Amino acid sequence: MTQASTTPLANSFRAQPDENGHFGQFGGRYVAETLMPLILDLDRHYRAAMADQAFHDEFDWLMKHYVGRPSPLYYAQRLTETLRESAPEGRGAQVWFKRDELNHTGAHKINNCIGQILLAKRMGKTRIIAETGAGQHGVATATVAARFGLPCVIYMGARDIERQQPNVFRMKLLGAEVVPVQSGAKTLKDAMNEALRDWVANVHDTFYIIGTAAGPHPYPELVREFQSVIGREAREQIQELAGRLPDLLVAAIGGGSNAIGLFHPFLDDADVAMLGIEAAGHGIETGEHAASLAGGTPGILHGNKTFLLQDADGQIAEAHSISAGLDYPGIGPEHSWLKDIGRVQYESVTDTEALDAFQLLCRTEGIIPALEPAHAIAAVARKARAMNRDQIILANLCGRGDKDIFTVADALGVAM
Amino acid sequence: MTDRLATRFSKCRAEGRAALVTFVTAGDPTPGDSAAILDALVAGGADIVELGMPFTDPMADGPAIQLANLRSLAAGTKTSDILAIAVAFRQRHPDVPLIMMGYANPMIRRGADWFATEAVKAGVDGVICVDIPPEEDQELGPALRAAGLHLVRLATPTTDAARLPAVLHGASGFLYYVSVAGITGKQQAQQASIENAVGKLKAATDIPVAVGFGVRTPEQAAAIGRVADGVVVGSAIVDLVGSHGHQAAPFVQDYVASLRAALNTAETVA
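Chains as they are written, first to last, in this note's numbering: chain A, 1 to 416; chain B, 1 to 270.
The set of hints was computed from the structure by calculation and includes no laboratory data.
It is possible that some hints are incorrect.
As the list claims (entries may be wrong) - Chain B residues, not near chain A, derived (Cβ > 12 Å throughout):
id	residue
1	K11
2	D39
3	D57
4	D81
5	A88
6	H93
7	V96
8	P142
9	A147
10	R216
11	Q247
12	F251
13	R260
To be verified - Below, a list of computed lysine-lysine pairs in the DSS-like style, where the Cα atoms sit at most 25 Å apart:
id	chain 1	residue 1	chain 2	residue 2
14	A	K186	B	K186
15	B	K202	B	K11
16	B	K186	A	K125
17	A	K186	B	K78
18	A	K125	A	K172
Stated by the list, open to error - One-sided excerpt, in silico: chain A residues whose CB lies under 10 Å from chain B:
id	residue
19	E33
20	L40
21	V200
22	D311
Values in this document were obtained by computation on a predicted structure and should not be read as measured data.
Think of the CB as a built atom: it goes at the ideal place given N, C-alpha and C, for glycine as much as any other residue.
Based on the sequences and whatever the hints tell you, model everything.
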C-alpha cells in the first residue's frame with residue numbers, strides 16, 4: 001500500500017478497522033458463503049445509519065429516557081482511602097468509577113442492544129436472535145426485543161441454563177424463547193455456534209444481535225461504536241469533575257465490549273494509560289482460565305481472527321472463570337491489535353482475587369459489583385497502591401452483582 | 001501432477017452421468033476405522049472423496065456432522081492422524097480424487113504453507129474451507145495455489161449475480177453449490193430452485209458444478225445428477241457411521257452403491 005508523501009494520514013489509533021474489517025492482522029470476515037452477503041448488507045446499512053442524524057437522535061433518546069444515561073462518574077472516596085492505608089507513604093491514586101451498573105437491566109450490555117435493534121428495525125428484520133453465556137446479554141436482548149415488539153430467540157448452553165436460572169426466567173418474562181444448546185461443552189461458545197446456525201438458516205428475516213465486540217466485521221466496529229457512549233461520557237465527566245483526563249483506565253475483558261467502549265474515545269490521548277483485565281480463573285499456570293491474550297495464540301473462530309485458547313491442532317479449548325460473562329476462549333479482535341501494538345496493557349486477575357475485590361467494594365462503597373468488574377476492581381487495587389495520590393484511575397463498573405450473589409455465596413461456602 | 005479431479009469429471013461426463021461426491025469425517029468413530037469406511041465409499045462407487053477435518057466448533061454443520069466431529073475428537077484424532085489417513089488412502093486408491101474439507105483454524109494453525117505442503121505430500125487434490133470467503137482468500141488461497149492444490153469454493157442461494165464473479169475468481173477443481181441456505185443435513189431444496197441455480201452457475205463458469213446439502217435419497221441424487229456435474233452426499237453417510245460405528249463400512253458401501261446406481265441410470269441434460 002502506498003500513500004502520497006504530501007498527505008500523511010493522521011496518526012490515530014482510532015482509525016481501525018480498515019474497510020475489510022481488519023485491525024492489523026486481526027478481525028476480518030471469516031464466515032460461510034451463505035452469510036457473506038448478509039454481512040455485507042449489514043455493513044451497508046450500518047454505514048448509512050451512522051450518516052443519518054435521525055438514527056443518532058433515536059439512539060440518544062433511548063439512551064437517556066429508557067436506559068437512564070448518562071451514567072454517573074463517581075469518585076470512590078472510601079475505597080481510595082482504604083487502599084491508601086496499605087499503600088506506601090504518598091501513594092494511593094484516586095479511584096473513580098463509571099457507573100454503568102446503574103443502566104436499565106444492570107449492565108453495559110443494553111447500550112449495544114439498543115443500537116443493534118435500531119439497525120434491525122432499519123433493515124426491516126422481523127425476528128431477533130442472540131447468544132448468551134451468563135444471561136446478561138440475553139436479558140438485554142430480550143428487553144429491547146420486547147420494547148420493539150419483535151419475537152426473540154436466545155441460545156444458551158444447557159450447562160449455563162442450569163447455573164443461571166434467574167436470568168433464564170427473566171428472559172422468559174420478557175417474552176423471549178430460550179433454547180438450550182446441547183452441543184459441545186454446552187456453554188457460551190456453543191451457544192454462539194448455534195446462533196450462527198440459526199442465522200444461516202433464516203437469513204431473510206432474522207437479525208443476529210451479537211453481544212460483544214467480536215464476530216465477523218462489521219460487528220466488532222458497530223458494537224464498539226454503540227458502547228463508546230461509555231468512554232465519550234466518561235471523558236467529558238472526568239474533565240468537568242476533576243479538571244483533567246485520567247492517568248489510567250481499567251476495564252474487565254471477556255469479549256471486551258465494555259473495555260473497548262471505555263477505551264476507544266481515549267486512544268489518542270497519549271497521557272492516558274489503559275489496562276484491560278482478563279480472567280485468570282484458577283491461575284494462568286493451571287490452564288483453567290479465560291485469558292486469551294495471556295495464554296492464547298492467534299486463530300480464527302466465530303468470524304474473526306483473534307487470540308484464542310486452542311491446542312496445537314487448532315482445536316478450541318474450554319475457558320474457565322468464576323464470572324460466566326468472562327468465560328469465553330476468544331477476545332474481540334481490536335484488543336488483540338491494541339495488545340500487539342502496545343497501546344493497551346493487559347493483565348489478568350484470578351477467581352480468588354476477584355472475590356476479594358467483590359467484597360472490598362461491597363464494604364467500602366456500598367456497591368455490589370458484578371463478578372466481571374470485580375476483576376477490574378482487583379486490578380485497580382493492585383495499581384492504585386503503586387501510583388501517586390494526585391493521579392486518577394477511572395474504572396468501568398460495567399455491571400451490578402445481583403445476578404452473582406448465588407455464585408459468590410457458593411464460593412464463600414455460605415448456604416442460601 | 002495429473003489433475004485427478006479434472007480426469008474424473010471428464011470420465012463421468014463421457015459416461016453420461018454426474019460424479020458422486022461423498023463426505024465422511026476423518027477419524028469417525030476412530031482414526032482406525034477411517035480406512036475401511038473410505039474403502040467402502042470407493043467400493044460403493046464414489047467418484048470423489050471429501051475427507052472432513054474434525055473441529056470443536058463446526059458452526060456450519062447440522063447435528064449429524066457435529067456429532068461426527070465430536071466422536072472423532074473424543075477418539076483423539078489429531079491433524080497428523082488425518083494426514084496419515086490421507087496418505088494411506090492415496091496408496092490404496094491412486095486415481096480417486098481426495099478433497100480435504102473443514103474449518104479455517106485447524107488448517108492455518110501451523111501456517112497455511114505448512115498445511116498446503118503436508119496436504120500435497122499426503123496426495124490430497126483440493127481443499128474446501130467453510131469459513132474463508134473470497135474476501136479473506138489471502139489466508140489460505142495463495143498457499144494452496146502455490147502448492148498446486150485446488151481451492152474448491154462454495155456458492156449458495158444467497159450468492160447473487162453481483163457477487164458470483166468474486167466467488168469464481170480463484171476457484172478451481174469444481175464449484176460446490178450449497179443448495180440450501182442453512183446447515184448441513186437438515187432440509188432439502190426444491191428441485192426447481194436447484195435447476196435454476198445450477199443453470200445460472202454453469203452459464204458463469206467452465207469448472208464443474210457439484211450440488212450438496214440435504215441430499216439423502218437415490219431419487220434426489222438422480223434428479224440433481226440430471227442437471228449438475230456432481231452430487232455431494234455427506235450427512236446421510238455420516239449418520240450410518242454414527243449408528244453402526246466400527247461396523248459401518250458395509251452399510252456405507254451399500255448406501256453409496258444405491259446412490260451410484262441412481263446416477264448411472266439418470267439421463268443427464270447435457
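Now for the hints, and whether the structure bears them out:
Residue placement check: B/K11 keeps its beta carbon more than 12 Å from all beta carbons of chain A (closest about 28 Å). Against the 12 Å criterion, B/D39 stays outside the reach of chain A, whose nearest CB is about 25 Å from its own CB. A beta-carbon of chain A comes within 12 Å of the beta-carbon of B/D57; the shortest separation is about 5 Å. Not every CB of chain A lies more than 12 Å from the CB of B/D81, the least distance being 10 Å, so the non-interface label is violated.
Listed as outside the interface, B/A88 is consistent with that label: its C-beta sits roughly 19 Å from the nearest C-beta of chain A, beyond the 12 Å cut-off. Once the 12 Å rule is applied to beta carbons, B/H93 is consistent with being away from chain A; the minimum gap is 25 Å. With a least CB separation of 26 Å from chain A, B/V96 remains clear of the 12 Å interface cut-off, as annotated. The claim that B/P142 lies off the interface holds: its Cβ sits roughly 15 Å from the closest Cβ of chain A, which is beyond the 12 Å cut-off.
With 12 Å as the threshold on Cβ separation, the claim that B/A147 sits away from chain A holds: the shortest Cβ distance comes to roughly 19 Å. Every Cβ of chain A is farther than 12 Å from the Cβ of B/R216; the closest lies at roughly 17 Å, confirming the non-interface assignment. Separation of B/Q247 from chain A is adequate, the least Cβ-Cβ distance of about 26 Å exceeding the 12 Å criterion. For B/F251, the requirement that its beta carbon stay farther than 12 Å from each beta carbon of chain A is met, with the minimum near 25 Å.
Residue placement check: B/R260 keeps its beta carbon more than 12 Å from all beta carbons of chain A (closest about 28 Å). About 21 Å separates the Cα atoms of A/K186 and B/K186, which keeps this hinted pair within 25 Å; it holds. In summary, the hint linking B/K202 to B/K11 is supported, as the alpha carbons are separated by about 19 Å, within the 25 Å threshold. At most 25 Å may separate the alpha-carbon atoms for a hinted pair to count; B/K186 and A/K125 meet this at roughly 24 Å.
Taking the CA atoms of A/K186 and B/K78, the gap is near 23 Å; set against the 25 Å cutoff, the hint holds. A distance of roughly 21 Å separates the Cα atoms of A/K125 and A/K172; the hinted pair therefore holds under the 25 Å criterion. At a threshold of 10 Å, the smallest CB-CB gap from A/E33 to chain B is about 4 Å, leaving the interface hint in force. For A/L40, the shortest C-beta to C-beta distance to chain B is roughly 8 Å, which falls under 10 Å, so the interface hint holds.
With a least beta-carbon distance of about 6 Å to chain B, the hint placing A/V200 at the interface is held under the 10 Å criterion. Given hint, A/D311 at the interface with chain B, holds; its Cβ is 9 Å from that chain's nearest Cβ, closer than 10 Å.
Consistency with the previously given hints fails for numbers 3, 4, ordered from lowest to highest.
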